[in-house]
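Listed in order, the protein sequences are those of chains G and R.
With my numbering, the residue at position 102 of the first sequence is 102, and numbering never jumps.
So my numbering is basically just the index in the second sequence, starting at one, shifted up by 111.
In short, the hints are calculated from the structure, not lab data.
Among the hints, erroneous ones may be present.
BS3-like mimics (lysine-lysine), calculated; alpha carbons at most 25 angstroms apart, straight line [unchecked claim]:
1) Lys177(R) <-> Lys152(R)
2) Lys98(G) <-> Lys125(R)
3) Lys98(G) <-> Lys175(R)
4) Lys125(R) <-> Lys175(R)
Simulated DEER-style distance windows between Cβ atoms [what the hints assert, rightly or not]:
5) His118(R) <-> Ser9(G): 31 to 37 angstroms
6) Thr79(G) <-> Lys152(R): 35 to 41 angstroms
7) Glu198(R) <-> Thr103(G): 20 to 26 angstroms
8) His40(G) <-> Ser116(R): 18 to 24 angstroms
Derived coverage of chain G by chain R (criterion: at least 3 residues anywhere in the stretch with Cβ under 8 angstroms from a Cβ of chain R; other residues may be distant) [as the list claims (entries may be wrong)]:
9) 39–48
10) 100–111
Cβ atoms here follow ideal geometry from the backbone N, Cα and C, with glycine treated the same way.
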Amino acid sequence: DAKTTQPTSMDCAEGRAANLPCNHSTISGNEYVYWYRQIHSQGPQYIIHGLKNNETNEMASLIITEDRKSSTLILPHATLRDTAVYYCIVRVLFGNEKLTFGTGTRLTIIP
Amino acid sequence: GAVVSQHPSWVICKSGTSVKIECRSLDFQATTMFWYRQFPKQSLMLMATSNEGSKATYEQGVEKDKFLINHASLTLSTLTVTSAHPEDSSFYICSARDPGGPSGELFFGEGSRLTVL
Chain G
1 DAKTTQPTSM DCAEGRAANL PCNHSTISGN EYVYWYRQIH SQGPQYIIHG LKNNETNEMA
61 SLIITEDRKS STLILPHATL RDTAVYYCIV RVLFGNEKLT FGTGTRLTII P
Chain R
112 GAVVSQHPSW VICKSGTSVK IECRSLDFQA TTMFWYRQFP KQSLMLMATS NEGSKATYEQ
172 GVEKDKFLIN HASLTLSTLT VTSAHPEDSS FYICSARDPG GPSGELFFGE GSRLTVL
């Protein structure tokens, strides 16, 4: 799996959009970008994934640059419950199933 | 959606004893499950891949005789920490992929916090 680079921590005001960047400059053509988050003392939770097109679901939006070397996870209206560590991971869909976690971004939502 | 459940959610044991943690896929069958360990303020570290009906595959540096993994059925994998010591105190997390799911995402258990006194 390709490596990713994320900022160590970020703050965001409650109600505002939280934009979490991720660099994955060595991503291969068949690798997807996955986002997970881990709330304190819980197991990671799947958020969203994408290949090259922007994606949106009920939790978040994923914007992938045209060259696929970076992406941004957007939480449109952050709440206090969104405080967590967010992990950006790249992997082959249905391929090597091992997920290798980097350090992630610790997002703190401020009241 | 698919659910993975772990038990117990927390356990405290004396040094030298063995502790078993269960990981169950509740609404799908998982031929492969993964066990992770996470120390405070650190990321998840993959320990081993649990394969139904065969031996687990351990990551480099993980002692297979200390962390026994048994994947006896398509819905259950167990991790036994043998002769536990205080340095084994950690948050253990399992995960599994729903092979019938459309997007290949892995689902994670709630985690099991082990404290060895």
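Cross-check of the supplied hints:
1. Lys177(R) <-> Lys152(R): holds (24 angstroms)
2. Lys98(G) <-> Lys125(R): The hint is violated at about 32 angstroms.
3. Lys98(G) <-> Lys175(R): holds (18 angstroms)
4. Lys125(R) <-> Lys175(R): Cα-Cα ~21 angstroms, so holds.
5. His118(R) <-> Ser9(G): 31 to 37 angstroms: Given range 31 to 37 angstroms: holds, Cβ gap about 33 angstroms.
6. Thr79(G) <-> Lys152(R): 35 to 41 angstroms: violated (24 angstroms)
7. Glu198(R) <-> Thr103(G): 20 to 26 angstroms: At roughly 22 angstroms between Cβ atoms, Thr103(G) and Glu198(R) fall inside 20 to 26 angstroms, so the hint holds.
8. His40(G) <-> Ser116(R): 18 to 24 angstroms: For Ser116(R) against His40(G), whose Cβ atoms are near 19 angstroms apart, the range 18 to 24 angstroms holds.
9. 39–48: Result for this restraint: holds, n = 6.
10. 100–111: holds (count 5)
The structure is inconsistent with the numbered hints 2, 6, although it conforms to all the rest.
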